[in-house]
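**Q** With the hints as a guide, bring both chains together as one complex.
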Amino acid sequence: MGAFTLARLIASEALRRPRAVLATIMLALSAGFIILPDPGANYATMTLHGAPLVYTPSVMGIITGEMFIAFSMVLVMLAMSALAPLRTWRAVLGVASAPSWRLALGLWLAAFGAGLFLLTCIFGGALLRASNVLNASGDWLGGLWIFFSWAYGLGVVGAAFAATLYSVLALRLATHPGWLMGVTFVAFIVWVSVFGVGLANLFDVDGRGFAIAQLFPQAHALDLGMGFLFSSHKKPPVHAHEVADLISTAGGIRFLATRGALVVTAMLAALALSGSRVAPLVVRGRNSKLSLAKFTSTLGARFGLAGVIVGQTWSLPLWALVLLVVAIGVETIKAPNQLAVIALGFAWGLYMLRWPELCEAFEQGGLRSLVQPSVMGPWPVRIRLFISIALQLSILALPLTLALAATGRVHGLTWLAIQIVAAPLLCVGLARLRGGATMFSLAAMAWWYLMVSGNAPIPAG
Amino acid sequence: MLSVEKLGRREGRLQILHDVSFGWERGVLAVIGGNGTGKTTLLRVVAGAAKPNAGKVAWNGVPTSRAVRRGGVIGYGPQERNLDLAITLREFLGLCADLRGMRGRTDKIAAVAEELGLAKQLDERLANLSGGGRRKAMTAQAMLGASELIVLDEPTSEVDYAASRRFWAAFQARGKSSALVIATHDVELALTSADSILLLQRGLPSRLAPASSFAIDELSSAIGEG
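Chains as they are written, first to last, in the numbering used here: chain L, 1 to 461; chain V, 1 to 226.
For reference, chain V alone in the conformation it holds in the complex (with noise of 0.2 Å):
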């Protein structure tokens, strides 16, 4: 169970999140909001990246940024897709699994190949992987092995729309099993697939309700207004 309670966090002069509470058992809970709202630094926060300055932030009790110690307890990809490498995607994945420990690390990584649609970009290097390839990539590690909770942030932005649609469908299926935060701008496809939805507005949550409560207008606006 995710528990966030009266998180604040502050980077230099700025207070992105204040008193943000809620708490997440299983499923997908969508984070949508306007650009500049905290969406990524929450969702560093809550992968256990980066520790908050105020409230609490815990998995099963335990501090995600003490929980993310223990390997595949949560898996995490951030918005950053500097992957100028010349390894292939089979390698990268295989040295994520190492490094968490992972065994069975070629299953694993033909499974969450199968998962999200990769199985024939496995052997490209990440190089020359266009910038929606990279960003799979990214999504692809965090979603190795079975993670308990699995933080993504804008894991479809530069995505083609039908591989948008494989990876929602791909995170239900997860979600039976597992905790997903998932940051984005799919707002159409967060309303379709995801189970509830958390709308971020300057820092705060204003709204967390089950998606299928959420109209399509109401989000629009919400994310206008920011």
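This is chain L alone, in the form it adopts within the complex (with noise of 0.2 Å):
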């Protein structure tokens, strides 16, 4: 009962925001227009056997749920921290005094309507690119049903486990925000990598043998590759096999309760992983040995307002810091090739998620209070902002500069460039917008995407 009342009222909650609801469909639609491959252009990137598929309804509602199950851990955290501020609920939770687990429980079915909201929303911007299949079939609406049955059936798997992930952080890290979208960030990693990749057949949570078997029986899972992390690789085109929608198509009802099985599953991890009871937050800040908080601080407060965005940027954990140097080690090895672009997109992406938190607290006055004794004013900060975060890129892309400007790569340098400069300038300017930081994480997000997929590679020349 108190569960489905958590539910109901962080839906309300959520209702009663329609700049973040807004935000969240933007989110979702720009999401969908990123990983969704154009059916109308003159290369595919969804492949067979090194050859790009013709789009069919059920071919685009296979693609929309693999890839909302592939970025549905990054898209629900990302909605629910727009929708349900994880910090005042959390505030609200600790003094429920409630069993942990049917906080988990209110929390999952929130985060997993909200998954759903993405899905449908993603949906809705398959839909407006994929038109021209649709109508191309003759049964404009039995299209549409072969797409919803296909994107749904296999997407809901992901909205099961995202909202598992979200349930249990919002439990635990609620308070932490640095941990919070750094595990985020981890967990989206090896969802992708290992689970929609490495264990496809094994597990085969999002269907994929089952979807490609059933439009080439012949095929292997990893042929499947959106351009996303393991296959960037343009190929020439291949019929698929024309399929009906899920239902009608043979295994299909069994393929459905096989993903039912799995969203109770991921339901029931959630209950089992939620823990403790939820105490009530503690107003006093503790510090960890290994937080690098009072170094930072410490260091900081040698260097001014500088010294200060520095520190906030890099008061992570260790453990991200770590993530951090192994990305730049790869940009170093490998500097002209593509993973050394990975390894750049990899690191930046990890720096430009604590960016939100640093833009709300420069709008909140968090830094703002730091320079008014000397009555310096808004432009200052911001002039600081910018010179401070082009020149930590700067520092981060050293290994990928040295390695073009010794090959005179000066279109490489120009592509560099520009990211280092866009970034700060992005930054500082959404951080004057209500709304900006999480603008700011869609963008990161998707220039993030593009480089670790290899869309964005080095300009040759």
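Be a bit skeptical, because a hint or two may be false.
Distance condition first, Cα-Cα at most 25 Å in a straight line; then the derived SDA-like pairs of lysine to any residue [unchecked claim]: (1) V:Lys51 <-> L:Ala272; (2) V:Lys51 <-> L:Ile189; (3) V:Lys51 <-> L:His176; (4) V:Lys56 <-> L:Ala272; (5) V:Lys108 <-> L:Ser100; (6) V:Lys51 <-> L:Arg16; (7) V:Lys51 <-> L:Ser12; (8) V:Lys108 <-> L:Arg172; (9) L:Lys334 <-> L:Trp447; (10) V:Lys120 <-> L:Arg8; (11) V:Lys108 <-> L:Ala279; (12) V:Lys108 <-> L:Thr175; (13) V:Lys108 <-> V:Gly175; (14) V:Lys6 <-> L:Ala279; (15) V:Lys51 <-> L:Lys334; (16) V:Lys120 <-> L:Arg16; (17) V:Lys120 <-> L:Arg17; (18) V:Lys51 <-> L:Trp447; (19) V:Lys51 <-> L:Arg17; (20) V:Lys51 <-> L:Arg8; (21) V:Lys56 <-> L:Arg8.
Some chain L residues well away from chain V (every beta-carbon gap over 12 Å; in silico) [said to hold, decoys possible]: (22) Leu6; (23) Ser12; (24) Leu128; (25) Gly251; (26) Pro399.
Simulated from the structure, these hints should not be mistaken for lab results.
All C-beta atoms in this analysis are idealised placements derived from N, C-alpha and C, irrespective of residue type, glycine included.
**A** Now the structure itself:
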């Protein structure tokens, strides 16, 4: 009973925040446009044995469902951050004096609903892009139903597991935004690379084997790549089999039953992982021995405002810094190669995830109050913020810069310079807007995706 | 019966509470002390929100960290009042009642709103409430239903004087059937409304005695000495 009330109130809370709902719809639509291929484009990214597919309503539905599964972790976490402010809800849950499993169930239901809402928006985006596919099928409504059944039949699993991640993290890490974003990021990488690709045949969480078997009985699961992470090559076309909607397809009901079982498993996992009873918030902060906060604040104090900005950015748990060092290491070793771009994207993605917090701190006066005694006003702060971000990005990109300079690749250097200037401009510009942090997150993730997917390679020459 | 025996609590390297012992069965116990003397930490442990590093804190023989798991035994209103949500006060109280598995939530919400004078604010969104209004909301959720032990951390700070008086009158009335442990800086109201006062100094209980045995000057100088 309490769990349903919690889920209902989170939903009604979200509906009373129209800007947040709008931002979420925009997030989903943008994600839909980023992750889905253009059916009318002269290239295709979904391949079979080295050849792209000719789209049909079922293929589009499969792409929508699969790509939602791939991105569900990040999408649901970002959407819920806007729709249901975690720290505030955590404050309420702390005094609710209820068993954790009940809270986890309420949060899971709310996040699962948000996941389906996102899937609906992405579905809408896909529908706009795929309208020519539906028209070409001759039966618009029939095509729509085929599209719908595949997209939701596959996508529902992503929504369920993303809800599990959200509900557990919201209870445990709501008051540690750095950890929250970091864990989400790592879970996303694990989800995509391990479940989405490595173990697709073994666990078949997203139904790739089933989907491909319906379209191409002879296919191998790894052939379905959208240019994401492990396959970015453009290939000549091949026709897919026409298949009916998921329910009419042989084995479809059994497939849906297994998806239902996975959804229930995800929900039970959330209850099992909900942990000990949620205690009320401790007002006083605690310094962990492993935290860099103390070190960075001591160091930052020596460098004035610039030091404070760097300190706020890097007061991350140590493991996040280790990941960053690994990414920069790969970049250094593989500098002119595709892997270097992926490493750069990874390093910048990790770094950019901190910026929404910094933007918010800035706009809410956290940083501004530091300079008020000097009567500097916001513009000097903005300029310093810009310089600080650009400098830090330059350091992250240094191995790549040196490699490009050594090989005389002027276009590559320009490509890098534009990013170093554009990122802080976007950050400082959006920090002035309400909801700017969410927009920055979205832009940062979009750019991150383009880099790690190989869709934003270093230009030749 | 609340029994606190040789309670010690450490936060990191800081020893906040040392060797705190007292018992409380029914009525209003006001915990008074200067800033940073360990009132909030003591209340968190008493409410079962944190475990002691040393000693025991129990309600009717059951450690409070376990007693809190049983719905309706302990109500806790912490200092935190980050309630920047668009849900209404009525929805917030309804959520707390549902999550605790309480029955007849409509009656319970109406009763606590009447008791604390919040009936007119029930349909206001939490985000629109003033600081004092949010403090009242936190107090109301702690007093929802008939908890045996109610622990309130500065329930009347930011609350206007008239509401503070009403709150203390409500605490007195609740004290007839429940045990209330209330940290407060409202020394004058505590002197007139509490049954006993526990004076904390540097994490140590310096005196526990009936409120009538304290003088305001004595409390004032004790708080000043910290």
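**Q** Could you tell me which of the numbered hints above are not met by this structure, giving the numbers in increasing order?
**A** 2, 4, 6, 7, 8, 12, 15, 18, 19, 20, 21, 22 and 23
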